[in-house]
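**Q** Quick one: dock chain against chain with the hints and give me the complex.
Residue numbers (this note's numbering), protein chains in the order written: chain C, 1 to 240; chain H, 1 to 239.
Hints listed in this document are in silico derivations from the structure and should not be mistaken for laboratory results. One or more hints might be untrue.
[Claimed, not checked] Below, a list of computed lysine-lysine pairs in the DSS-like style, where the Cα atoms sit at most 27 Å apart:
| no. | chain 1 | residue 1 | chain 2 | residue 2 |
| --- | --- | --- | --- | --- |
| 1 | C | K84 | C | K13 |
| 2 | C | K166 | H | K139 |
| 3 | C | K166 | C | K188 |
| 4 | H | K143 | C | K188 |
| 5 | C | K54 | C | K84 |
| 6 | C | K166 | H | K143 |
| 7 | C | K29 | C | K166 |
Bear in mind the structure is a predicted one, so any value in this text is a computation, not a measurement.
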Amino acid sequence: MIIDVSNIIGRHKFKPEITAQSLLSQMDKAGIDMAVVNCYAESIDNASVEQAFKSYPGRFIGLYTVNPWQDNAARELEDALANKGFKGLYMNPLRHGYMLCEHQVFYPLLEVCRKYQAPVWCYGAAEVFTSPIFFDEIAADFPDVNIIMGRMGLQYDNASAVAIGKRRTNIYLETSSSMDFNTHRAIKALGPDRVLLGTGTPEAGYFELELLKVRNATKGYENGEAKVLGENAARIFHIK
Amino acid sequence: MIIDMLAHIGIKKGENYKVESLLELMDQNGVEKCMICSQLETVDNDYIYDCCKRYPDRVIGFAVINPWDIDGEAEVEKCYRDYGFYGLKMNAIRFGYSADRHSILDPYFDLCEKYGKCVVAHGQSDMFSIPDKWAEMAKTYPKVPVMLYHMGVPLMYERACELARDVPNFYLSTCGAYVPVMRMGYEIAGPEKILFSSDAPFGDMGQEIAKVKYITRNEADQEIMLGKNAADMLGIAYR
Chain C
1 MIIDVSNIIG RHKFKPEITA QSLLSQMDKA GIDMAVVNCY AESIDNASVE QAFKSYPGRF
61 IGLYTVNPWQ DNAARELEDA LANKGFKGLY MNPLRHGYML CEHQVFYPLL EVCRKYQAPV
121 WCYGAAEVFT SPIFFDEIAA DFPDVNIIMG RMGLQYDNAS AVAIGKRRTN IYLETSSSMD
181 FNTHRAIKAL GPDRVLLGTG TPEAGYFELE LLKVRNATKG YENGEAKVLG ENAARIFHIK
Chain H
1 MIIDMLAHIG IKKGENYKVE SLLELMDQNG VEKCMICSQL ETVDNDYIYD CCKRYPDRVI
61 GFAVINPWDI DGEAEVEKCY RDYGFYGLKM NAIRFGYSAD RHSILDPYFD LCEKYGKCVV
121 AHGQSDMFSI PDKWAEMAKT YPKVPVMLYH MGVPLMYERA CELARDVPNF YLSTCGAYVP
181 VMRMGYEIAG PEKILFSSDA PFGDMGQEIA KVKYITRNEA DQEIMLGKNA ADMLGIAYR
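With the rest of the complex left out, here is chain H (with noise of 0.2 Å):
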């Protein structure tokens, strides 16, 4: 079962993607889940569990929102209570704070540990995302499962490698990563600690999936990275 941990959907300046889209997508590349959650210049989490009502069986629906916001908690909290999303996508660089900033963090990872949620990053090797700050969280709270997108590229790849292998609850994700980096991650921080994206429609569903294939012929290793960590990490049935 191959679960894609990202995907942005729905309307933003000059994008309107439908949930229906990316669902041809994923049947078109054999995924049957996939991690949808709001655009991050236009937040809108009700659109996300419109999309969660209507296909339960294939979205697994995550909150988006500005930590700025004066009401960011509220919303996160109806996002876990209210809608039964899976966790929080976070990015540091669009909402403009940097990742180790505890002051503003801390509560947003004080509800992901209250209801058991994870929370899933932005994670390039731009000054506010730098792979250590985000396992800076990670380390601060080991209850909650924190996973980074991109794997650190373009510079700090190997560091986000060795951090996956040092802290227990942190995580890799692949999309947007280069595939030697993506072997380099296999390499030091083991399959169990690579989850598969795609970051669809950004990303090319097939392309992504082609290079965590890429990456070893040990076909156990590749259900691990393409969908059973995914399972493991939201509690949701392997098949």
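For reference, chain C alone in the conformation it holds in the complex (with noise of 0.2 Å):
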């Protein structure tokens, strides 16, 4: 079973609406089983990713999207995994303006994450909101939550997302948008079992370019392929 772990659906301010239907167009047409979904960051559109996984049951694994800036984030985001059938949360510090060393924005979200077993994905790209440095500690104080740290360290920061991750085994590297030494360099650190397909559609990448990227990395190891592919997606997202 294949899982990418990075795609956006849904409305937004300026582009073209991502609907369920046409993702799930080229999913078929390129293998993948499963994608978790979000929506943009910046014109927070839960409703359509909802809509997603309620319409394609199987198909699609959806996170929540919360400005946590806002007074009832934490409330929001506890209704859409205890209510909605939302498995998981979605930050993007850059569009919403906070650093991941501002623990007193975020924490509260992951202690929800931490009540219901959710996954957190990160933006974790070498920008200064979002540094690799900082999911050490974020990782440490909440050791029983998974997080997935997008864009690992996109490009500069990789050799600081590899350490980091090879710190912290609730830490978890994304694919989209690594070149092939950092996607190399990734497996080879952390093994084959922390690293999850993300292909970052529409934004950083397709999936027929990242498949094979990835598959290319996982050359040599033991299972990696099916590891990196699906196995380790399907493990952190509670997916039979």
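**A** See the structure below:
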């Protein structure tokens, strides 16, 4: 089973809407069984995500997006996880304007994730607000929450991302946007159990090329391809 | 005794700042000793050594290298073993590396540990130099004092102050920091974690001293920040 942990669907203020149906047809063409989906952080549209996983059960896993500066953010997230069928949290500190060292802003959300054993997908490119180095302390403070480091330090902070990932076993590195060397480095350093296929559609990649990249990097690891392409994601998202 | 923890001197494109000019500034502002190091853009540790030999009671030599240089480690070792320099000045932006890039930096920190020297580093909230990265190095090398210039401004000063509070060998230095930030550092991390620097001639020595004095009226704490911490870190007798 192939699970892709980084995809956007829904409406955007300026860009064309990505419908569940259009993503599904691309997935079918590329042989992707399930996609973890979130809305655009800047144009929050959780309704489209919810509609997608309810319309196509077994094909989509929904991440809930909320601006953590909102007063009711934690309550809203809890409702999404407890009552609406969302399976995790999507965080984008750049779009929502907070630094990953400003713990008081988003730790209430992580407490909710801990309560529901829901994973977190957090943008982790080489940006000041999202630098991989911050994931170290977050992962230490929430050792029982699985954290997917999206973009795994794109690109200049990949060495840092890998070092932090190696140190914290609840961090998973996700391959969207990574160049070949970095993909290899991630799997080599962490082993094939803690790297996840992510394509970053529509922004960061196409299914076919990303599959090629990741398959190439898993060569030589026992059961590596199956793990990185699906088994690891199935485990942390509690997919049977 | 006031000890200024940063002055880049010597030749670089468009500038040739002599140690004698620095000594004038020091005399004008009551600064007894000043850390000196090479310009980053044109590295010349030999000029710093020459200044140290000529004014041994007034200047404190620090090494500058490009960590990517093939023979960078040998140069630092020469600066410690032969020149008697007190530590290494680093700048991740100028030389294009991330400050937590262990594969590049560890050999230099090993040398600092071996010779009992400190690392002083540019520390604004730019991508390569954010405070957490230098704190990562400090945590990795607990015997090596690591001092962060600029206290994490513009964005990450609170974080820098917290790290200085939490990491025993991680210090902050005042040049270029906003005054409220310096006060925050004083309150969060305490005066023992804050060292005065002016970044002269880029920074105004008199104004930078005034900023430190502005954040507290406690003269004992002022002395700690203006000189005593530096003397302790460098192993210099404090008067």
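**Q** CA of K143/H to CA of K188/C, is that 27 Å or under?
**A** Not OK: K143/H and K188/C at ~31 Å, beyond 27 Å, violated.
**Q** Between K166/C and K139/H, is the straight-line Cα distance small enough, at 27 Å or below?
**A** Holds, because 17 Å separates the two Cα atoms, which is no more than 27 Å.
**Q** Within a Cα-Cα threshold of 27 Å, do K84/C and K13/C meet the stated pairing?
**A** holds, 24 Å
**Q** With the threshold set at 27 Å, check whether the alpha-carbon distance from K54/C to K84/C stays at or below it.
**A** holds, 9 Å
**Q** For K29/C and K166/C, compute the direct alpha-carbon distance and say whether it is at most 27 Å.
**A** violated, 34 Å
**Q** Do the alpha carbons of K166/C and K143/H lie within 27 Å of each other, as the hint requires?
**A** Holds, because 24 Å separates the two Cα atoms, which is no more than 27 Å.
**Q** Can you confirm whether the C-alpha distance between K166/C and K188/C stays at or below 27 Å?
**A** holds, 10 Å
When each numbered hint is compared with the structure, violations occur for hints 4, 7.
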